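Asks: Using the sequences and the hints given, assemble the complete structure.
Heads up: the sequence lines are chains V and W, in that order.
Numbering follows the working numbering, with no gaps: position 53 of the first sequence is 53.
Numbering follows the working numbering, with no gaps: position 85 of the second sequence is 141.
Keep in mind that the hints were calculated from the coordinates and are not lab data.
Computed from a prediction, not measured in an experiment: that's the story for all the values here.
Note that beta-carbon positions come from the ideal geometry of N, C-alpha and C, so glycine has one too.
Treat the hints with caution; some may be incorrect.
[What the hints assert, rightly or not] Listed next, with one range per pair, are the computed distances between beta-carbon atoms:
| no. | chain 1 | residue 1 | chain 2 | residue 2 | range |
| --- | --- | --- | --- | --- | --- |
| 1 | W | L215 | V | L36 | 18 to 28 Å |
| 2 | W | K232 | V | L28 | 28 to 38 Å |
| 3 | V | R41 | W | V126 | 21 to 31 Å |
| 4 | V | L51 | W | A81 | 33 to 43 Å |
| 5 | V | A8 | W | L85 | 20 to 30 Å |
| 6 | W | L218 | V | L28 | 26 to 36 Å |
| 7 | V | R49 | W | M197 | 35 to 45 Å |
[Claimed, not checked] Simulated coverage check for chain W against chain V, where a stretch passes if three residues somewhere in it have a Cβ under 8 Å from a Cβ of chain V:
| no. | stretch |
| --- | --- |
| 8 | 102-111 |
| 9 | 146-156 |
| 10 | 162-169 |
| 11 | 270-276 |
| 12 | 279-287 |
[Stated by the list, open to error] Chain V residues, not near chain W, derived (Cβ > 10 Å throughout):
| no. | residue |
| --- | --- |
| 13 | G4 |
| 14 | S5 |
| 15 | W6 |
| 16 | E7 |
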Amino acid sequence: MNWGSWEAFWAMGGYALYVWGSYGMTVLCVVGEIWLLRRHRQRTLATLRRLNQLSQ
Amino acid sequence: MNLYYYASPATFYPLAGKLIPWFVALTVLFTAIGLYIGFFVAPTDFQQGEGYRIIYIHVPAAWMSMFIYVVMAFWSAIGLAFNTRLSFIMTRALAPTGAMFTFLALWTGAFWGKPMWGAWWVWDARLTSELILLFLYVGFMALQAAIDDTRRADRAGALLNLVGVINIPIIYFSVKWWNTLHQGSSVKPGSSSMAEIMLWGMLVMAIATWMYTIAVALARSRTLILERERQTEWARAELEGRA
Numbered sequence: 001m002n003w004g005s006w007e008a009f010w011a012m013g014g015y016a017l018y019v020w021g022s023y024g025m026t027v028l029c030v031v032g033e034i035w036l037l038r039r040h041r042q043r044t045l046a047t048l049r050r051l052n053q054l055s056q
Numbered sequence: 057m058n059l060y061y062y063a064s065p066a067t068f069y070p071l072a073g074k075l076i077p078w079f080v081a082l083t084v085l086f087t088a089i090g091l092y093i094g095f096f097v098a099p100t101d102f103q104q105g106e107g108y109r110i111i112y113i114h115v116p117a118a119w120m121s122m123f124i125y126v127v128m129a130f131w132s133a134i135g136l137a138f139n140t141r142l143s144f145i146m147t148r149a150l151a152p153t154g155a156m157f158t159f160l161a162l163w164t165g166a167f168w169g170k171p172m173w174g175a176w177w178v179w180d181a182r183l184t185s186e187l188i189l190l191f192l193y194v195g196f197m198a199l200q201a202a203i204d205d206t207r208r209a210d211r212a213g214a215l216l217n218l219v220g221v222i223n224i225p226i227i228y229f230s231v232k233w234w235n236t237l238h239q240g241s242s243v244k245p246g247s248s249s250m251a252e253i254m255l256w257g258m259l260v261m262a263i264a265t266w267m268y269t270i271a272v273a274l275a276r277s278r279t280l281i282l283e284r285e286r287q288t289e290w291a292r293a294e295l296e297g298r299a
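Replies: As structure tokens, this is what we get:
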């Protein structure tokens, strides 16, 4: 185990900004991508259903 | 097993749907193991202190950013040669994820560069060629969005990818060809300049990014397939919830 306490873990030996800035942005990007993917799918499905109804 | 069978959008669509949960589960599993190794098992670096722990995301993201582009170029070539619809769909499905990993490679690189080099950014060959990769991804997506005719958009995008792939060896070998501030590769076939446990953490995280990319690309391809096949009987059934 590397860390004596949670404080030490979050402090990252003085590199907290850089380490958590990197991982934080990664989480943000992944969550954002999944959210956009879902929204795109729902919108596309709604549009396609409407288009198919019109062409029937 | 006939590969052509799964190359048809109608059969690929349900298959992709079944595979996605597995790849999501593998992503979560490998991320958990990788981060555990990276933060709790691997020791502090004797030169870079705890700041080195950025590599567990930086290196996998940078690898993926290049690898996804090569895969896109591969599908583009297949699509242009055999006119297979699914290849163009896969190319399109991969682009946003590739762009995301390129951005993350640059971002995490900047957050590593600031404490280690004293600069967020330098116009070094490695960094500059990676930035060009980001522009190539964005250019591809903009091109797809700008052309209404799907077939023409597919072909134009494929051509761009085949020209753009020249940038990949430039990024990869940039640290050899030029004097760069960016360090040379720590991982080489057959030898590695890293402690073994650090290397393992990085490799497990790299597998996690693979699993993530596959899951997200499959999900995106499903939407693209429905968009293109909406007038076929199976797509209608799927859209109306009859499937």
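Asks: Would you mind marking each hint as holding or not holding in the structure?
Replies: Each hint tested on the structure:
1. In this structure, W/L215 and V/L36 meet the distance hint of 18 to 28 Å, their C-beta atoms being roughly 27 Å apart.
2. Between W/K232 and V/L28 the beta carbons are some 33 Å apart, a value that agrees with the proposed interval 28 to 38 Å.
3. The hinted range of 21 to 31 Å is satisfied by V/R41 and W/V126, whose Cβ atoms lie roughly 27 Å apart.
4. A beta carbon spacing of about 34 Å between V/L51 and W/A81 agrees with the range 33 to 43 Å that was offered as a hint.
5. Distance hint check: the CB atoms of V/A8 and W/L85 are about 27 Å apart, consistent with the given range 20 to 30 Å.
6. Judged by the Cβ atoms, the range 26 to 36 Å given for W/L218 and V/L28 holds: they are separated by roughly 32 Å.
7. Under the hint 35 to 45 Å, the C-beta atoms of V/R49 and W/M197, about 26 Å apart, miss the expected range.
8. Under the rule that three or more residues need a Cβ within less than 8 Å of chain V, the assignment of the stretch 102-111 of chain W holds, with 5 such residues.
9. Chain V is given as covering the stretch 146-156 of chain W, and this holds because 3 residues of the stretch bring a CB closer than 8 Å to a CB of that chain, at least three being needed.
10. Counting residues of the stretch 162-169 of chain W whose C-beta lies closer than 8 Å to any C-beta of chain V gives 4; at least three are required, and the coverage claim holds.
11. Coverage of the stretch 270-276 of chain W by chain V holds in this model, with 3 residues showing a Cβ closer than 8 Å to a Cβ of that chain against a need of three.
12. For the stretch 279-287 of chain W, the stated coverage by chain V is satisfied: 5 residues place a CB nearer than 8 Å to a CB of that chain, which reaches the threshold of 3.
13. With 10 Å as the threshold on Cβ separation, the claim that V/G4 sits away from chain W holds: the shortest Cβ distance comes to roughly 13 Å.
14. Every CB of chain W is more than 10 Å from the CB of V/S5 (nearest about 13 Å), matching its label as outside the interface.
15. For V/W6, the requirement that its beta carbon stay farther than 10 Å from each beta carbon of chain W is met, with the minimum near 12 Å.
16. Listed as a non-interface residue, V/E7 keeps its Cβ farther than 10 Å from every Cβ of chain W; the least gap is roughly 13 Å.
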